[in-house]
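With the sequences and hints as input, model every part of the structure.
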Amino acid sequence: MTALLVSVIAAATPLLLAALGALLVEKVAVLNLGVEGMMLMGAIAGFAVAHSTGNLPLALLAAIAAGMALALLFAVLTLTLQANQTASGLALTIFGRGFSALVGAGYVGIAAPTLPRIAIPGLSDLPFVGPVLFGHDPLVYFALALVGAVAWFLYRTHAGLILRAIGDQHDAAHVLGYKVVRIRYAVVLFGGAMAGLAGAYMSLSYTPLWTQDMIAGRGWVALALVTFAAWRPFWVMIGAWLFGGIMYLALYMQALGVPVPTALLSALPYLGTIFVLVLISRDARRIRLHRPAMLGRPFSAGG
Amino acid sequence: MLSLSPRGTASEFWRYAAPLLALALTALITGAIFAFMGRPPLLTVTTFLVTPLLAPGGWEALLVKAAPLVLMAVGLSIAYRANVWNIGAEGQYTLGALAAGGLALALPDAPGWAIYPALMLAGLLGGVAYASLVAWLRTSFNANEILTSLMLAYVAQYLLVYLVTGPWRDPDGFGFPQTALFSDAASGPRLVEGSNLHLGLIIAPLIALAAWLVLNRSVLGFQFRVFGQAPRAARFAGFNENRLIWLAMAISGGLAGLAGMFEVTGTQGQLTINLGPGYGFTAIIVGFLGRLNPLGVVPAGLLLALTYLGGDAAQMNLGLSSAITGIFQGILLFCLLGSDVLITHRLRWRVRA
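As you go down the protein sequences, you meet chains A and B in turn.
Counting from 4, one number per residue, gives the positions in the first sequence under my numbering.
Counting from 35, one number per residue, gives the positions in the second sequence under my numbering.
These are computed hints drawn from the structure, not numbers from a lab.
Certain hints may be false.
To be verified - Chain B residues, not near chain A, derived (Cβ > 10 Å throughout): (1) Thr43; (2) Glu46; (3) Pro75; (4) Val195; (5) Gly200; (6) Leu240; (7) Leu337; (8) Asp346; (9) Asp374.
Said to hold, decoys possible - Which chain A residues face chain B? A few, computed with CB under 8 Å, are given here: (10) Thr89; (11) Ala94; (12) Gly101; (13) Gly220; (14) Pro264; (15) Thr276; (16) Ala287.
Glycine residues also receive a C-beta, built at the ideal position from the N, C-alpha and C atoms.
Written out as C-alpha cells, the structure is:
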C-alpha cells in the first residue's frame with residue numbers, strides 16, 4: 004500500500020507541475036497546446052546538462068530555460084503577432100518533438116545522475132504518512148507546495164485578482180491600465196518553466212533516462228487535467244493523483260501478469276483521460292461557469 | 035523601430051505570399067542552425083531541399099510521400115475551416131490501415147478487381163468510424179475534440195502494436211512484430227509497372243479538387259465556412275451544428291483512413307508496428323501551409339513530402355539525424371504563423387518620438 008501511494012505520487016508529479024503552469028496560463032485566457040513540446044525540451048535539456056556537468060540544480064535550471072525558450076516563441080507568435088493559438092501550440096509540440104529528438108540522439112541509453120530523495124527530519128519518520136509523502140525528491144515537494152502557492156496567489160493576492168480579471172475581461176483590464184500583453188507574456192513564460200521542470204522530472208527522476216518521445220502524451224493529459232479541474236488548483240492535484248493512479252495501475256497489472264496484453268494496458272491512461280473528460284464536460288454549465296471567459300481570444304491594445 | 039499597424043482589410047496578396055516568405059525564413063533559420071552545429075549552411079540546406087529531387091527515383095518517392103499528406107490535409111482543411119479541431123488524424127490513419135490490412139489478410143485469395151475497392155472502402159470506413167467516436171464525444175458529451183482525438187491517436191497506436199504482436203502476427207515471421215504479406219492483388223494497380231506509384235496518387239488530387247468544389251461551391255461548404263467563422267450566425271441561420279461537426283469529423287477521418295489504406299497496401303505490403311513517419315501530424319502543417327484550401331494543400335503536401343526525403347538525404351550524405359525533418363517542419367509552421375500577421379497588419383518603420 005505504501006509503495007503504491009509512493010508510485011502514484013511520483014507518476015502524478017510531472018502532470019501536476021505541467022498542469023499548474025497550464026492552469027495559470029489559461030487563467031489569463033491563453034491556450035498553449037505546446038505543453039508536450041515544452042516538456043520534451045525540458046526533459047532533454049535537463050538530462051543533457053545533468054549528464055555532462057553532474058550538477059543537478061544547473062540541470063533543472065536548464066530545463067526551466069528550455070521550456071521558457073519555447074514558451075517565449077509561443078508568446079511572440081500569439082501575443083505580439085496575434086497568430087492562431089491552437090496552431091501555434093501545435094507548432095510548439097511538433098518542433099519540440101523534432102528538436103529534442105535531434106539533440107537527444109546522442110543521449111539515448113546512457114545514464115545521468117538522478118534527483119536525490121530527501122528525507123524531511125521528523126516528518127519522514129511518521130508511520131505511513133512519512134514514507135508516502137516525505138520520502139521523495141525535491142521536485143515532488145515543490146509540486147505539492149506549488150498547488151498551495153498557486154491557489155493562494157490566484158485567490159488571495161491582488162496580483163492574482165488582476166490575472167483573473169485579464170482572463171475574464173481583457174478589455175476592461177486594459178482600460179484600468181493593466182499591461183495585458185506584458186502580463187500574459189510573464190504568465191506564458193511561467194507555464195513554459197513549469198512544463199520544462201515537469202520534463203526534467205521525467206528524465207531525471209521518474210524514468211530516469213532519455214528516450215525519444217518519452218513524455219508520451221503527458222503534456223496533453225496535463226491540459227486535460229486543467230479542464231477536468233475546472234481551472235481550480237486543488238482539483239488539479241486530485242486529478243493528477245487519479246491519473247498517476249491509472250498509470251500505476253497499468254504498470255502494476257503488467258507486473259502481476261494479468262492476462263491482458265501489455266499494449267492494451269498501456270492504452271489505459273489515454274482511455275482514462277477520455278473517460279474523465281467526458282464525465283466532466285457533460286455538464287456544460289459547470290464548464291462555462293469556471294472557464295476564463297476570454298480563453299483563446301486574441302487581444303490587441305489598439306482594439 | 036518596427037511596429038505593426040492593422041490594415042483596413044485583409045491582404046489577399048499576403049495570404050498567398052506568406053507561405054513563400056515563411057519558406058525563405060525557414061531556409062535561413064535552419065541554415066543558421068546548421069552553421070551553429072558546425073556544418074556548411076548552404077550545402078546542408080540544398081542537400082535537404084534539392085538533392086532528393088535529383089536522385090534517381092526521387093520524384094517517385096516524393097509523390098508516394100505526398101499522397102497521404104495531401105489526402106489527410108484536404109480533410110483537415112475542411113474540418114478546421116468549420117472550426118472542428120481534429121488533430122488525431124494519425125489515429126484515424128492507423129485505423130484505416132488496420133481495417134484495410136485486416137481485410138487483406140482475411141481474404142488472401144480474392145481477385146484484384148474485387149478486393150481493391152473493398153480495401154478502399156474498408157480504409158475509408160475505418161477512419162470514419164474512429165473519427166465518429168470523437169464527434170460523438172463532442173456532440174453528446176461536449177468533450178473537447180482536440181484532446182479526445184489526440185488521446186485516441188495514442189490508443190490506436192497501442193491497438194496496432196497489440197494486433198501485430200498478437201493475433202495478427204505472421205506465424206512464419208520469426209517472431210517479428212509484423213503480419214504476413216498481403217496478396218499481390220491487394221496491393222492494387224500500379225500507375226507505372228514495377229514502381230511504387232499506387233492509385234492513391236491519382237485519387238488524392240482528384241479528392242482535393244472535389245473538396246474544393248464542396249467547400250466553395252456547395253451549400254454544405256458554405257455552412258462549414260459560416261460555422262467556422264461565425265458560429266452564432268450559423269446558429270441563427272438554423273444550421274444543424276451537430277450535423278456539421280459529425281460531417282467534418284467523418285470527412286477528415288475518412289480521408290485519413292483512406293490515406294492509411296493506400297500507404298499499407300501500396301507501399302508497405304504488410305502491417306508493422308510503424309505505419310509511417312507521423313503523416314497525421316505533418317498533415318496539420320500541410321493544411322495550414324495550403325491556407326486550409328484543398329487546392330493549396332497539393333503544393334504544400336509536395337513540399338512537406340520533400341522534407342522527409344531531405345531528412346533521409348541529410349542523414350545519408352551528411353551524417354545528420356533524420357530528426358532534422360521534424361525541426362524543419364516545426365520551424366516552417368512557426369514562420370508561417372508569424373508571417374500570417376502580414377495578412378492583417380502592415381509592418382512599418384517608425385522613428386520613436
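*Which of the numbered hints are not met once you compare them with the structure shown?*
Hints 4, 5 and 9 are the ones this structure does not satisfy, whereas the remaining hints hold.
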